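Chemist: Read off the chains here:
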Amino acid sequence: MARASTSAPAGPERTQARAGGISPRASARRARPGRLRRISLPYLLLLPALLFELLVHLVPMVVGVFISFKALTQLYLAQWEHAPWAGLGNYRTVADFNGPIGQALLHSFVVTCAFTAIAIGLSWLFGCAAAILAQDRFRGRGVLRAIFLTPYALPAYTSVITWAFMFQYNNGLVNQVLHNELGITSRPTFWLLGDNSFIALVTVSVWRNWPFAFLVIMAGLQSIPRELYEAAAIDGAGIWQQIRHITMPGLRPVNQVLVLVLFLWTFNDFTTPFVLFGNAAPQNADVISLHIYNASFLTWNFGEGSAMSVLLLLFLLVVSGGYLLVTSRRRDA
Amino acid sequence: MPSPGGKAAAIRGPMAPPRSFIWTRRIVLGVLTIFALLPVYVMVSSSLKPLQDVSGTFRWIPSPITFSPYIQMWQTVPLGRYFVNSLIVCTCAALVSVLLATFAAYAVSRYRFRGRRVFTLVVLSTQMFPGILFLLPLFLIFVSIGNATGITLYGSLTGLVITYLTFSLPFSIWLLAGYFDSIPRGLDEAALVDGCGPLSALFRVVIPAAIPGIITVAIYAFMTAWSEVLFASVMTNDTTRTLAVGLRDYSTQTDVYWNQIMAASIVVSIPVVAGFLLMQRFLVAGLTAGAVK
Numbered sequence: 001m002a003r004a005s006t007s008a009p010a011g012p013e014r015t016q017a018r019a020g021g022i023s024p025r026a027s028a029r030r031a032r033p034g035r036l037r038r039i040s041l042p043y044l045l046l047l048p049a050l051l052f053e054l055l056v057h058l059v060p061m062v063v064g065v066f067i068s069f070k071a072l073t074q075l076y077l078a079q080w081e082h083a084p085w086a087g088l089g090n091y092r093t094v095a096d097f098n099g100p101i102g103q104a105l106l107h108s109f110v111v112t113c114a115f116t117a118i119a120i121g122l123s124w125l126f127g128c129a130a131a132i133l134a135q136d137r138f139r140g141r142g143v144l145r146a147i148f149l150t151p152y153a154l155p156a157y158t159s160v161i162t163w164a165f166m167f168q169y170n171n172g173l174v175n176q177v178l179h180n181e182l183g184i185t186s187r188p189t190f191w192l193l194g195d196n197s198f199i200a201l202v203t204v205s206v207w208r209n210w211p212f213a214f215l216v217i218m219a220g221l222q223s224i225p226r227e228l229y230e231a232a233a234i235d236g237a238g239i240w241q242q243i244r245h246i247t248m249p250g251l252r253p254v255n256q257v258l259v260l261v262l263f264l265w266t267f268n269d270f271t272t273p274f275v276l277f278g279n280a281a282p283q284n285a286d287v288i289s290l291h292i293y294n295a296s297f298l299t300w301n302f303g304e305g306s307a308m309s310v311l312l313l314l315f316l317l318v319v320s321g322g323y324l325l326v327t328s329r330r331r332d333a
Numbered sequence: 001m002p003s004p005g006g007k008a009a010a011i012r013g014p015m016a017p018p019r020s021f022i023w024t025r026r027i028v029l030g031v032l033t034i035f036a037l038l039p040v041y042v043m044v045s046s047s048l049k050p051l052q053d054v055s056g057t058f059r060w061i062p063s064p065i066t067f068s069p070y071i072q073m074w075q076t077v078p079l080g081r082y083f084v085n086s087l088i089v090c091t092c093a094a095l096v097s098v099l100l101a102t103f104a105a106y107a108v109s110r111y112r113f114r115g116r117r118v119f120t121l122v123v124l125s126t127q128m129f130p131g132i133l134f135l136l137p138l139f140l141i142f143v144s145i146g147n148a149t150g151i152t153l154y155g156s157l158t159g160l161v162i163t164y165l166t167f168s169l170p171f172s173i174w175l176l177a178g179y180f181d182s183i184p185r186g187l188d189e190a191a192l193v194d195g196c197g198p199l200s201a202l203f204r205v206v207i208p209a210a211i212p213g214i215i216t217v218a219i220y221a222f223m224t225a226w227s228e229v230l231f232a233s234v235m236t237n238d239t240t241r242t243l244a245v246g247l248r249d250y251s252t253q254t255d256v257y258w259n260q261i262m263a264a265s266i267v268v269s270i271p272v273v274a275g276f277l278l279m280q281r282f283l284v285a286g287l288t289a290g291a292v293k
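Chains Z and A, in that order, give the protein sequences.
Just so you know, our numbering puts 214 at position 214 of the first sequence, and the rest follows in order with no gaps.
Just so you know, our numbering puts 253 at position 253 of the second sequence, and the rest follows in order with no gaps.
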């Protein structure tokens with residue numbers, strides 16, 4: 001590296017500095033390519049990162065759009081470029097909500113929306129409550145913060161697999177507590193099958209995501225000027241009024257970003273449902289990423305799977321774009 | 001624990017908070033503590049139980065404590081191989097990712113060039129989209145590259161390394177560029193005047209000054225790769241399987257060895273939790289800075 005760079009003059013200072021040491025002819029010979037290199041150097045530095053991003057993200061995205069117009073089934077997997085064109089056929093199948101595939105997709109979409117809304121709401125609520133309540137100094141505050149970050153530090157699949165154990169019918173902790181010890185449920189519940197799987201999914205998702213909300217809101221609290229609280233206290237505002245009239249409005253910019261990030265993470269979450277339910281997700285927990293995964297790899301119909309992915313991408317773009325537009329306009333007003 | 005919120009302490013007026021506030025605080029924070037720690041407790045306590053104890057009704061206290069799950073877990077499934085695979089993949093991905101991120105961040109931080117904003121925007125926006133979107137095409141592209149050139153990417157550790165290093169790249173570039181910005185330009189300009197090329201200025205001056213940031217980014221890249229499930233479940237086969245998928249093997253047998261799963265989960269979590277503790281201050285600051293700005 002060092003050797004390669006010595007032949008690439010960096011700037012005017014450097015050319016001057018070296019001029020004494022190198023024969024004039026040599027420096028003249030280097031002047032033009034040197035300048036070219038100076039201009040191209042930032043691009044050369046970016047190139048490796050860019051190449052990998054292209055290979056793994058951008059090219060696949062284009063290819064994904066391409067194959068969503070192809071009748072790409074198991075038969076053509078080896079030579080997928082040669083799969084016959086399907087025109088809008090895949091999209092028609094996938095978006096035909098009277099057909100079985102479209103119906104399943106619509107159902108999965110509705111489940112995902114409900115799941116996302118509830119999980120974001122609870123994650124935000126927990127994170128916000130914890131951050132605001134732990135704002136003042138009290139004994140054990142540092143330890144609490146470390147504890148609250150635990151779910152965030154553990155690798156997702158180990159904690160989700162632990163939740164799967166806790167939700168077991170016979171030997172899980174949840175049934176033990178709710179049924180055997182507290183008697184809240186009249187009989188043990190199947191948490192990972194049937195309707196209750198939705199509750200299990202939301203619980204685990206909230207457990208995983210609220211620490212992030214806590215972190216971000218905690219950082220956001222620091223940007224609220226101290227004087228505001230002092231002035232309010234002098235005016236006789238109690239702590240609850242301070243939270244309502246100073247803290248909550250002060251957190252709005254942070255919340256706007258936080259909600260968008262939580263939305264994208266929760267909506268696209270694959271690890272939680274996959275580790276919790278495996279390939280056979282119950283109807284009520286069949287969220288969109290798992291649905292596309294199963295639809296693609298169980299049937300190997302990549303054309304339809306890609307069409308679903310493209311629709312998902314469009315949906316995310318529209319929602320994120322709309323959200324940014326609305327929130328930034330409100331900020332300007 | 002040193003935390004970014006340290007300065008915010010005792011921020012509200014001189015009055016002591018009322019009892020209603022203190023009780024709300026105790027109850028809410030108490031419940032959240034239990035919620036956060038419950039799985040950790042289950043993980044630890046169940047990993048110390050014999051198999052019949054985790055197969056029957058759940059018991060809070062392991063009555064005979066046994067460490068045998070920690071021994072048996074290596075035999076039930078080839079956990080050692082998965083561990084080695086994960087270590088190889090994540091270390092390589094982290095190293096390459098850090099190197100590429102350092103170059104890119106240096107360019108973004110020290111040069112004003114056309115396309116700079118576009119580059120950062122495009123790279124950051126790839127973070128937004130669901131992995132499932134890239135999965136199918138990437139799978140096909142890897143298979144095609146294999147057919148065309150003979151380089152096996154699908155099912156190999158190399159393919160996984162290439163995939164994973166891009167996952168941490170955007171955040172790493174962004175974090176490192178910020179870090180480089182905080183290093184005075186005078187430092188590398190002085191090196192340039194002294195006759196260093198821009199690259200040796202980067203290696204001899206900027207990188208040594210940015211070591212904490214670079215280590216943070218490396219650990220972040222390692223953790224991201226260590227926890228990834230979606231691509232690992234498709235892009236690996238029996239010999240290249242990583243931990244993220246391998247842990248599922250305990251439950252496909254006739255018995256579900258929950259005690260061994262929990263023991264394995266703890267062992268698997270240790271590298272990541274250790275890394276998180278090492279760099280949490282930087283990572284937390286980096287993660288939250290963007291949201292607050």
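By construction, these hints were calculated from the structure, which means they are not laboratory data.
There's no promise every hint is true.
[As the list claims (entries may be wrong)] Listed next, the stretches of chain A that the computed footprint assigns to chain Z, with coverage defined by at least 3 CB atoms under 8 Å from CB atoms of chain Z: (1) 82-92; (2) 148-157.
[To be verified] Pair by pair, the computed Cβ-Cβ distance ranges are: (3) Z:Q74 - A:N237: 56 to 62 Å; (4) Z:I39 - A:W74: 43 to 49 Å; (5) Z:H82 - A:R59: 33 to 39 Å; (6) Z:A95 - A:T152: 51 to 57 Å; (7) Z:P100 - A:T239: 33 to 39 Å; (8) A:N237 - Z:N98: 36 to 42 Å; (9) A:G186 - Z:F138: 24 to 30 Å; (10) Z:R244 - A:R112: 25 to 31 Å; (11) Z:I39 - A:I88: 48 to 54 Å.
Just so it is clear, the structure is predicted and the values come from calculations on it, not from any experiment.
Quick reminder that beta carbons are idealized off the backbone N, C-alpha and C, glycines included.
Chemist: Please go over all the hints and tell whether each is borne out by the structure.
Modeler: A quick look at each hint next to the structure:
1. 82-92: violated (count 0)
2. 148-157: violated (count 0)
3. Z:Q74 - A:N237: 56 to 62 Å: Taking Cβ atoms as reference, Z:Q74 and A:N237 lie about 18 Å apart, which means the hint is violated.
4. Z:I39 - A:W74: 43 to 49 Å: 56 Å, violated
5. Z:H82 - A:R59: 33 to 39 Å: Because 60 Å falls outside the window, the suggested range is violated.
6. Z:A95 - A:T152: 51 to 57 Å: About 37 Å separates the Cβ atoms of Z:A95 and A:T152, which means 51 to 57 Å is violated.
7. Z:P100 - A:T239: 33 to 39 Å: Once the Cβ atoms are compared, 38 Å apart, the range 33 to 39 Å for A:T239 and Z:P100 holds.
8. A:N237 - Z:N98: 36 to 42 Å: 39 Å, holds
9. A:G186 - Z:F138: 24 to 30 Å: 44 Å, violated
10. Z:R244 - A:R112: 25 to 31 Å: 45 Å, violated
11. Z:I39 - A:I88: 48 to 54 Å: 39 Å, violated
In summary, the structure is inconsistent with hints 1, 2, 3, 4, 5, 6, 9, 10, 11 from the numbered list given earlier, while agreeing with the others.
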